[in-house]
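A.B. asks: Below are the chains, spelled out letter by letter.
2 protein chains.
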Amino acid sequence: MKSKLAVVKIGGNVIENKEELSSFLNVFAKMEGLKILVHGGGKKATQVLKKMGITPKMEGGRRITDAESLEVVTMVYGGLANKTIVAQLQALACNAIGLSGADADTVRAHKRPVKEIDYGFAGDVDSVNATSISDLLHSGFVPVFCALTHNGEGQLLNTNADTIASEIAIGMGHSYETTLYYCFEKKGVLSDITDDNSVIKNIDSKTYKELRENGVISEGMLPKLENCFHALQKNVHKVCIGDISMIHSEPDLYTTLTL
Amino acid sequence: MKSKLAVVKIGGNVIENKEELSSFLNVFAKMEGLKILVHGGGKKATQVLKKMGITPKMEGGRRITDAESLEVVTMVYGGLANKTIVAQLQALACNAIGLSGADADTVRAHKRPVKEIDYGFAGDVDSVNATSISDLLHSGFVPVFCALTHNGEGQLLNTNADTIASEIAIGMGHSYETTLYYCFEKKGVLSDITDDNSVIKNIDSKTYKELRENGVISEGMLPKLENCFHALQKNVHKVCIGDISMIHSEPDLYTTLTL
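Chains as they are written, first to last, in the numbering used here: chain A, 1 to 259; chain B, 1 to 259.
One thing to keep in mind: the hints can contain errors.
Any copy will do: because identical chains look the same in the list, a pair fits if it lies in one copy or spans two.
Straight-line distance between alpha carbons at most 20 Å, and here's what the computed SDA-like set of lysine to any residue pairs gives [what the hints assert, rightly or not]:
1) K18 - G154
2) K30 - G152
3) K30 - E153
4) K51 - E68
5) K4 - I217
6) K187 - I64
7) K43 - E68
8) K201 - H248
9) K30 - G154
10) K4 - K209
11) K50 - E68
12) K111 - A91
13) K234 - D124
14) K18 - D66
15) K51 - A67
16) K187 - N26
17) K111 - N151
Just so you know, these hints were derived from the structure itself, not from any lab.
Start from the sequences and build out the full structure, keeping to the hints where you can.
C.D. replies: Next up, the structure:
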């Protein structure tokens, strides 16, 4: 039987707020079994860019990462956000080790080809090094990934944290029974976006198709769910979407996705 | 017999210059056997502080690390400098893993007590986690440390990179025959500061005392050498000071320190 492995992704909004981050890390530190954390960086990068007199460039909600933005993103994601989280987890007796995809060659990507939009140093994931990550897990470390990858030729790349989380869950799926947790500020996927308690508890491929056809799922949630079903099709056991309460051991109000 | 382990420290000036850094990393990547890299961050942190409208505060060549300076130092040392080096080493087939002292709980420190000067979030090293570092080495990783430590209670601390290097060499000295390399822009310890070729090839405790008494060694070099002899007294096999040419396998012009 495969060992269980939890891959937990926290969004930028959780990191922004010191108290929310602290609550989350308390819960995460107590999670039993093998686990991996993946975090975004979010607004802090935009704040630092502005402070440094660099105008943040976005296109359809995605950052255009030119050379100087990549420097800032590397500082904020790989430095400030990652090390702050690691130090706090250590204080909670969780033996965290912070990683970018370059560290231990864990996540390789290629620079996104220029089509209509030039996203600059944005990376699309090619491969996850399950051996390196397993070695870290077996040494008793808890890997904490920031949203940076590398191309194997010395270039760091800014990569969507949701994608890193799902690719890691997929990459580890051959050796582990992986569950992917997307942790954000809502209690789950909502059937009524104005009602925070209208959480859809279970979504499978069939109900997903129906929900999509009926226009129930909001536009912002669609790419997230696409990502989730992609992971499920590629060896990930289960995907959960909700707020931090979902990673308590008790069954609670959140969305579970299965094929 | 103990395995050999090289702990190599590169100074901020080597990192500043892209070509020098690249030359250094090429040499470091080819070094055989177990190895650890420790790097400073140097001028980049000062540049970023200034760009963000924060006045860098120094006292006797040491940074006063207030809360906002600590954020910048964490970004530059742990993020930009560390990840850039790691990505470049990966391109050279050296399986680097970047670490602060918080990662894998490798280096713990305490906030320097306030005496005449309040250095802010500056850390003095308490302990090195040889077990964690050994686990990483045995997994085939090459640890790359930046100049950050933690206090085990969630606080990151800015810590002198020379000290981190010597403390790691000392901490690993129980299990390994450690050699500590201080790599900087000069060819070694000079007997005549105006003559770059006046390298003193060997210094032991006795000649060190004589050189000091005769005022041969420059003031800036004194704390470095104190640090080196401290390491030698605590289980470090050998200390070498010089430029990157010293880590070629051939004996070359550099300073070797022994007890």
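A.B. asks: Have a look at K187 and I64 and pick one of within, between, both or neither, based on CA distance no larger than 20 Å.
C.D. replies: neither (30 Å within a copy, 44 Å between copies)
A.B. asks: Is it within a copy, between copies, both, or neither that the alpha carbon of K50 lies no farther than 20 Å from that of E68?
C.D. replies: both (12 Å within a copy, 16 Å between copies)
A.B. asks: Check K111 against N151 for me: Cα-Cα at most 20 Å, and say if that holds within a copy, between copies, both or neither.
C.D. replies: So K111 and N151 pass the 20 Å test inside one copy only (8 Å; across, 38 Å).
A.B. asks: Can you tell me if K51 and A67 fall within 20 Å by alpha carbon in one copy, between copies, both or neither?
C.D. replies: both (17 Å within a copy, 16 Å between copies)
A.B. asks: One pair to classify: K30 and E153, alpha carbons no more than 20 Å apart. Within, between, both, or neither?
C.D. replies: between (38 Å within a copy, 16 Å between copies)
A.B. asks: Within a copy, between copies, both or neither: where do K30 and G152 come within 20 Å Cα-Cα?
C.D. replies: between (35 Å within a copy, 17 Å between copies)
A.B. asks: Is the C-alpha distance from K30 to G154 at most 20 Å within one copy, between copies, in both cases, or in neither?
C.D. replies: Close across copies (16 Å), not inside one copy (36 Å); limit 20 Å.
A.B. asks: Using 20 Å as the alpha carbon limit, work out where K187 and N26 are close: within a copy, between copies, both or neither.
C.D. replies: So K187 and N26 pass the 20 Å test inside one copy only (18 Å; across, 50 Å).
A.B. asks: Measure nothing new, just compare the shortest in-copy and cross-copy C-alpha distances for K4 and I217 to 20 Å and report within, between, both or neither.
C.D. replies: Neither: 30 Å inside a copy, 59 Å across copies.
A.B. asks: Should K111 paired with A91 be assigned to within, between, both, or neither, using CA atoms and 20 Å as the limit?
C.D. replies: Between copies only: 15 Å across, 36 Å inside.
A.B. asks: Could you figure out if K43 and E68 sit no more than 20 Å apart (CA to CA) within one copy, between two copies, both or neither?
C.D. replies: Both, since 17 Å and 17 Å are each at most 20 Å.
A.B. asks: Between K4 and K209, at a C-alpha cutoff of 20 Å, which is it: within one copy, between copies, both, or neither?
C.D. replies: Neither way: K4 and K209 sit 29 Å apart in one copy and 60 Å across, limit 20 Å.
Hint compliance for this structure: hints 5, 6, 10 are not met, and every other hint is.
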